[in-house]
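Visitor: Starting from the structure of chain A, add chain B where the hints point.
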Amino acid sequence: MAGKPVLHYFKGRGRMECIRWLLAAAGVEFEEKFLDSPEDLEKLAKDGSLMFQQVPMVEIDGMRLVQTRAILNYIATKYNLYGKDAKERALIDMYTEGILDLTEIMLQVVISPPDQREAKISLLKDKTKNRYLPAYEKVLKSHGQDYLVGNRLTRVDIHLLEVLLYVEELDSSLLAPFPLLKALKSRISSLPNVKKFLQPGSQRNPPVNAKQIEEARKIFKF
Amino acid sequence: MAGKPVLHYWNARGRMECIRWLLAAAGVEFEEKFIEAPADMEKLIKDGSLMFQQVPMVEIDGMKLVQTRAILNYIATKYDLYGKDAKERALIDMYTEGIVDLTEMIIQLVVCPPDQIEAKISLVKEKTKNRYLPAFEKVLKSHGQDYLVGNRLTRVDIHLLEVLLYVEELDSSLLDSFPLLKALKSRISSLPNVKKFLQPGSQRKPPPDAKKIQEARKLFNIK
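Here the protein sequences line up with chains A and B, keeping their order. Just add 41 to wherever you are in the first sequence, counting from 1, and you've got this note's numbering. Just add 7 to wherever you are in the second sequence, counting from 1, and you've got this note's numbering.
In short, the hints are calculated from the structure, not lab data. All residues carry an ideal CB built from backbone N, CA and C; glycine is no exception. Keep in mind that a hint or two might mislead.
[Said to hold, decoys possible] Capping the alpha-carbon separation at 16 Å, the derived lysine to aspartate or glutamate pairs in EDC-like fashion look like this:
1) A:K166 / A:D142
2) A:K179 / B:D54
3) B:K132 / B:D178
4) A:K52 / A:E73
5) A:K119 / B:E95
6) A:K223 / A:D212
7) A:K128 / B:D68
8) B:K94 / A:D102
9) B:K127 / B:E111
10) B:K189 / B:E144
11) B:K71 / A:E129
12) A:K119 / B:D92
13) A:K128 / B:D87
14) B:K85 / A:E129
15) A:K128 / B:E66
[Said to hold, decoys possible] Here are some chain A residues the structure puts well away from chain B; computed CB gaps all over 10 Å:
16) P220
17) K223
18) Q244
19) K252
Pulled out of the complex, with its shape left as it was, chain A reads as follows:
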């Protein structure tokens, strides 16, 4: 198990950011090799390093793992952030998948053609406010505990914090009707590893800008 995990992706949030968050929250130092050009991606693919010629890819414990969920699941298990049994894992998975669905909608807004963007943002806000945030507020209300599952920190608290920060970037008024979510956001942000990751100079990435989207289009050809 020598050596830090090595993350292969371009220098932006995209589909790697949730992995960066989880490693950071687990207190795991990691290295990054950034894809700066289409040639970088082609080289990795030609090397046979990418099972489906796609990134994210993470080198960890002798494996070259691709597929975001496979990577997240492995990290969560390794650092004991995946609940204590199958039933807790089921809840964690169910909640995580909802968060990933919401994150996917956000990603689609980022890469959408300018003429479709307004409609997509509208849909995103609607789903955030009426489907996703109420679902998680309800979970917290149902047990009154400080964490979503099992009364202790698991991966899904980290995933949720991450997406709540994106919701806030989109429109901070969206969080207003959800006091328990706001409290969780505060609490998880204060955990030492998370607090450190939130500070300037960490490996956390800022919101994507137009230039980065263009670079990503070239590298990933979309």
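Guide: Coordinates of chain B only, in the frame set by chain A:
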């Protein structure tokens, strides 16, 4: 743990079929409550049974689980089809996610506007032949074993068989250049629980027909 799992979905493959396959392969009997009209869906939502107002939903062991992957993960763990340790699980997850990506492309054909469908079919065939099938053939070649992971049956062998059958439905010539995949397809199909599921009269669902596609569009509000 009394009672069989109950599956809530409409009477079609969609996002529930992989769950039906896994339960069947594990030898688990299950019941189905079919959503036949928008009102059925609304009732489930009003009951608070659907965390994100979506199906698939499976009632199992006192839980009302939604989200396909959450359901599959729970079933795979419960019936010991998820590998023996974290590293095997990582491989299973990586391979499963690739299969899910391919399956998703195939599912999307069902709700694709008619003017785009030929281009989409082309894309699916290209990705199947050049990205996905070679990746899994390579895995089998690398270890020469009868199963994808850990030299015994796991969930991903079932997921792979399922998608190979869909590939075959799309274009049977796509499998021609992949002898190890064809052999696995044959082998897994012969396992008793799987063989039974493949026979007429099982809960396996047929390919969607034009009528089902119309229903899907209505149910999911697709124009």
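Visitor: Would you mind confirming whether the straight-line C-alpha gap from A:K52 to A:E73 stays at or under 16 Å?
Guide: Within the cut-off at roughly 9 Å; holds.
Visitor: Is A:K128 close enough to B:E66, meaning Cα to Cα at most 16 Å?
Guide: holds, 13 Å
Visitor: Take the C-alpha atoms of B:K189 and B:E144, compute the straight-line distance between them, and say whether it is at most 16 Å.
Guide: holds, 9 Å
Visitor: Does A:D212 sit within 16 Å of A:K223, going by the straight-line distance between their CA atoms?
Guide: Roughly 14 Å between the alpha carbons, so the hint for A:K223 and A:D212 holds.
Visitor: Just to be careful, I want the Cα atoms of A:K119 and B:E95 compared with a cutoff of 16 Å; is the pair within it?
Guide: Between A:K119 and B:E95 the Cα gap is close to 13 Å, so the pair holds against 16 Å.
Visitor: Regarding the pair B:K127 and B:E111, is the alpha-carbon distance no greater than 16 Å?
Guide: holds, 12 Å
Visitor: Classify the label on A:Q244 as holds or violated, using whether its beta-carbon is more than 10 Å from each beta-carbon of chain B.
Guide: holds, 22 Å
Visitor: Within 16 Å, alpha carbon to alpha carbon, are B:K85 and A:E129?
Guide: holds, 13 Å
Visitor: Given the proposed pairing of B:K132 with B:D178, does the C-alpha separation stay at or below 16 Å?
Guide: With Cα atoms ~8 Å apart, B:K132 and B:D178 stay inside 16 Å; holds.
Visitor: Measure nothing beyond the straight line between the CA atoms of A:K119 and B:D92; if it is 16 Å or shorter, mark the hint as holding.
Guide: holds, 11 Å
Visitor: A:K128 and B:D68 were given as a pair; does the straight-line alpha-carbon distance stay at or below 16 Å?
Guide: holds, 9 Å
Visitor: Any Cβ of chain B at or closer than 10 Å to A:P220, or is the non-interface label fine?
Guide: holds, 20 Å
Of the numbered hints given earlier, the model fails none.
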